Amino acid sequence: MSHFSSIKTTLINKQALVEGLKSLLASHQIDIPVEIYESPMQLFNDYDRLNTDEAEIIIRRTYLKTRNRDALVDVGFAKNPTLNAYEIKVDAWDFNQNLLGSVFGNVRNFQESVQLAHNQAYINIHYPPEIWDYQQSTLDDGSLQTTLTKKVSLTVSNSNGNDWNNWQ
14 MSHFSSIKTT
24 LINKQALVEG
34 LKSLLASHQI
44 DIPVEIYESP
54 MQLFNDYDRL
64 NTDEAEIIIR
74 RTYLKTRNRD
84 ALVDVGFAKN
94 PTLNAYEIKV
104 DAWDFNQNLL
114 GSVFGNVRNF
124 QESVQLAHNQ
134 AYINIHYPPE
144 IWDYQQSTLD
154 DGSLQTTLTK
164 KVSLTVSNSN
174 GNDWNNWQ
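Numbering (the working numbering), first residue to last: 14 to 181.
Worth flagging that the hints you see were computed from the coordinates, not collected in a lab.
One or more hints might be untrue.
Claimed, not checked - Per label pair, the in silico range of CB-to-CB distance:
| hint | residue 1 | residue 2 | range |
| --- | --- | --- | --- |
| 1 | ARG121 | SER36 | 13 to 23 Å |
| 2 | TYR60 | LYS163 | 45 to 55 Å |
| 3 | LYS164 | ILE25 | 36 to 46 Å |
| 4 | LEU167 | ALA39 | 29 to 39 Å |
| 5 | ARG80 | LEU167 | 22 to 32 Å |
Unchecked claim - Straight-line distance between alpha carbons at most 30 Å, and here's what the computed DSSO-like set of lysine-lysine pairs gives:
| hint | residue 1 | residue 2 |
| --- | --- | --- |
| 6 | LYS35 | LYS78 |
| 7 | LYS92 | LYS164 |
| 8 | LYS27 | LYS164 |
| 9 | LYS27 | LYS92 |
| 10 | LYS78 | LYS92 |
| 11 | LYS35 | LYS92 |
| 12 | LYS163 | LYS78 |
| 13 | LYS78 | LYS164 |
| 14 | LYS164 | LYS35 |
It should be emphasised that the depicted structure is a prediction, and the values quoted were computed from it without experimental measurement.
All residues carry an ideal CB built from backbone N, CA and C; glycine is no exception.
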């Protein structure tokens, strides 16, 4: 029997989640709409119309079909106020059969990819590349570390307020 499962994440920022998700999909040449709502909207399950859930960020099943099969369950991201993070609302069996499953292999790989895309979008939003330099490295345990260094910008002038090029 098919049903929605809630998968806990550390996706904390809605804007970063949306931007990261769109960027991740685009990087895999997946051109599908991502619906964004201020309050939760219904997720649909064509296996069992009585089994529904809600989410604020939704990828509809109609866009997740593959050449061989229609997807039957929406994929969503719902805010969990207790955790202050977004959970992935997904049916794992249907996911493995749909477009996202064909690209990411399984829900766990998708979750990890979305998490990395969210984190990068969060950094870009809060630490713009015009002001910050990024350096990423892979640690011994396989995790990624991002080091941020603020760029230095100097404006030099003499006591009259003129710049050095005009100072004599």
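Results of checking the hints against the structure:
no., hint, in the structure
1, ARG121 with SER36: 13 to 23 Å, "holds, 20 Å"
2, TYR60 with LYS163: 45 to 55 Å, "holds, 51 Å"
3, LYS164 with ILE25: 36 to 46 Å, "violated, 26 Å"
4, LEU167 with ALA39: 29 to 39 Å, "holds, 37 Å"
5, ARG80 with LEU167: 22 to 32 Å, "violated, 57 Å"
6, LYS35 with LYS78, "holds, 18 Å"
7, LYS92 with LYS164, "violated, 35 Å"
8, LYS27 with LYS164, "holds, 27 Å"
9, LYS27 with LYS92, "holds, 9 Å"
10, LYS78 with LYS92, "holds, 26 Å"
11, LYS35 with LYS92, "holds, 18 Å"
12, LYS163 with LYS78, "violated, 44 Å"
13, LYS78 with LYS164, "violated, 45 Å"
14, LYS164 with LYS35, "holds, 28 Å"
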